[in-house]
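Participant: Just so we're aligned: 64 in numbering that gives the first Met the number 0 is position 65 of the sequence shown, and the numbers increase by one with no gaps anywhere.
Calculated directly from the structure, the hints in this document are not laboratory data.
This one's a predicted model, so the numbers in the text were calculated from it and none came from an experiment.
Do not take every clue at face value.
[Stated by the list, open to error] Cut-off 30 angstroms, straight-line C-alpha distance, at most; resulting in silico cross-link-like pairs (DSSO-like, lysine-lysine):
hint, residue 1, residue 2
1, 219, 205
2, 283, 268
3, 205, 149
4, 39, 77
5, 277, 165
6, 301, 243
7, 27, 49
8, 27, 81
[What the hints assert, rightly or not] Simulated restraints on C-beta separations:
hint, residue 1, residue 2, range
9, 286, 199, 27 to 35 angstroms
10, 198, 294, 46 to 54 angstroms
11, 285, 38, 33 to 41 angstroms
12, 149, 5, 38 to 46 angstroms
13, 129, 315, 17 to 25 angstroms
14, 293, 38, 27 to 35 angstroms
15, 272, 238, 20 to 28 angstroms
Where is the CB? At the ideal position from N, CA and C, for every residue including glycine.
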Amino acid sequence: MLTNQIRDVEVHLGFPCNNNCIFCMANKEYRKNKFFSYEKVIKQISAYAKKGFNSIGFLGGEPTLHPRIIDIVRHANKAGMKSIHIVTNGRRLADGVFLNNLIASGVNRISVSIHSHLPKLEDNLTQVQGSFSQKLNGLHNIIQLQRKNKSINVSINIVINKMNIKSISESVKYFANLGYKDYRLNFIQTEGSARDNFEKLIPYYKNVYVLFKKVVDFAKKNTLTVSFADLPFCVIDKYPEFYKYTSELKDCYNFVVMMGAPNCDRTIKHFSWENVRKNELKMKPKKCNRCQYNKICEGIWKEYAKRIGYTELIPRK
Numbered sequence: 000m001l002t003n004q005i006r007d008v009e010v011h012l013g014f015p016c017n018n019n020c021i022f023c024m025a026n027k028e029y030r031k032n033k034f035f036s037y038e039k040v041i042k043q044i045s046a047y048a049k050k051g052f053n054s055i056g057f058l059g060g061e062p063t064l065h066p067r068i069i070d071i072v073r074h075a076n077k078a079g080m081k082s083i084h085i086v087t088n089g090r091r092l093a094d095g096v097f098l099n100n101l102i103a104s105g106v107n108r109i110s111v112s113i114h115s116h117l118p119k120l121e122d123n124l125t126q127v128q129g130s131f132s133q134k135l136n137g138l139h140n141i142i143q144l145q146r147k148n149k150s151i152n153v154s155i156n157i158v159i160n161k162m163n164i165k166s167i168s169e170s171v172k173y174f175a176n177l178g179y180k181d182y183r184l185n186f187i188q189t190e191g192s193a194r195d196n197f198e199k200l201i202p203y204y205k206n207v208y209v210l211f212k213k214v215v216d217f218a219k220k221n222t223l224t225v226s227f228a229d230l231p232f233c234v235i236d237k238y239p240e241f242y243k244y245t246s247e248l249k250d251c252y253n254f255v256v257m258m259g260a261p262n263c264d265r266t267i268k269h270f271s272w273e274n275v276r277k278n279e280l281k282m283k284p285k286k287c288n289r290c291q292y293n294k295i296c297e298g299i300w301k302e303y304a305k306r307i308g309y310t311e312l313i314p315r316k
């Protein structure tokens with residue numbers, strides 16, 4: 000194996016969370032489960048390290064709530080993981096001491112999920128009043144730390160939904176003014192709570208192009224990195240070289256270790272997220288077979304196709 004080859008595994012620690020996001024892909028049954036134990040988590044980390052994996056991410060729920068998250072990260076660091084990534088809602092990072100301990104233990108990449116720069120809208124999406132204020136304090140702490148330690152990579156994750164779609168371009172500008180230069184915009188997954196709130200949350204794919212253009216234009220002018228996920232290519236291909244801004248063609252595809260899902264009976268499930276998306280959660284109608292993007296486009300969420308249909312999809316030749 001080449002020494003610079005990235006082999007990534009994402010470890011899902013469990014579903015406990017201090018938010019109650021209206022679009023959470025996990026349903027209420029999932030969220031009742033506790034985190035997996037420190038012992039079981041480090042066993043998985045060690046096993047993947049021995050297989051040659053050198054990059055790891057920690058997911059939830061909210062991974063920063065795990066009572067031994069610092070020890071878990073420290074173990075990953077000692078096991079030889081060169082990249083240690085944590086995906087968080089950012090609220091615990093309002094605690095500067097905790098953030099410093101997280102970095103000292105080995106975290107060198109942080110992705111903060113925040114979906115609006117408008118306090119009321121963000122709190123409505125998370126269904127926790129005051130969550131925006133905590134997240135903003137966390138963002139300030141992170142950017143101050145990054146200015147001192149350039150090796151820390153930070154990014155903003157935004158879920159595109161009907162409630163925020165008209166203001167996302169302004170949100171990107173707002174966070175850019177804080178110093179953030181890396182953005183990931185994900186079209187909402189139609190699972191869990193999002194399925195329950197489908198009419199309220201799911202925008203039409205065709206309405207995302209205006210947002211795509213605004214954000215990419217702004218990113219190019221301001222030297223930002225931006226990628227969009229889970230959009231069918233035929234709704235954004237009017238934009239020149241659109242493929243440069245689609246995560247499906249840029250991602251390092253990874254394995255996921257999921258812990259605590261009800262249908263796993265508290266056992267541990269291993270799978271490829273890419274394969275699950277393509278083979279279980281998404282679909283393509285027959286007409287996509289004659290599209291020039293068919294081999295690289297993943298299609299659309301099955302629940303979207305079921306409820307809205309796929310007339311928006313127009314094969315490209």
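Participant: So, for every hint listed, does it hold in this structure?
Facilitator: Hints, verified against the model:
1. 219 <-> 205: 22 angstroms, holds
2. 283 <-> 268: Judged against 30 angstroms, a Cα distance of about 26 angstroms means the pair holds.
3. 205 <-> 149: 38 angstroms, violated
4. 39 <-> 77: 17 angstroms, holds
5. 277 <-> 165: 28 angstroms, holds
6. 301 <-> 243: 25 angstroms, holds
7. 27 <-> 49: Violated - the C-alpha atoms of residue 49 and residue 27 are around 35 angstroms apart, more than 30 angstroms.
8. 27 <-> 81: 35 angstroms, violated
9. 286 <-> 199: 27 to 35 angstroms: 29 angstroms, holds
10. 198 <-> 294: 46 to 54 angstroms: 33 angstroms, violated
11. 285 <-> 38: 33 to 41 angstroms: Check failed, 49 angstroms falls outside 33 to 41 angstroms.
12. 149 <-> 5: 38 to 46 angstroms: For residue 5 against residue 149, whose Cβ atoms are near 20 angstroms apart, the range 38 to 46 angstroms is violated.
13. 129 <-> 315: 17 to 25 angstroms: For residue 315 against residue 129, whose Cβ atoms are near 46 angstroms apart, the range 17 to 25 angstroms is violated.
14. 293 <-> 38: 27 to 35 angstroms: For residue 293 and residue 38 the Cβ distance comes to about 45 angstroms; the hint is violated.
15. 272 <-> 238: 20 to 28 angstroms: 26 angstroms, holds
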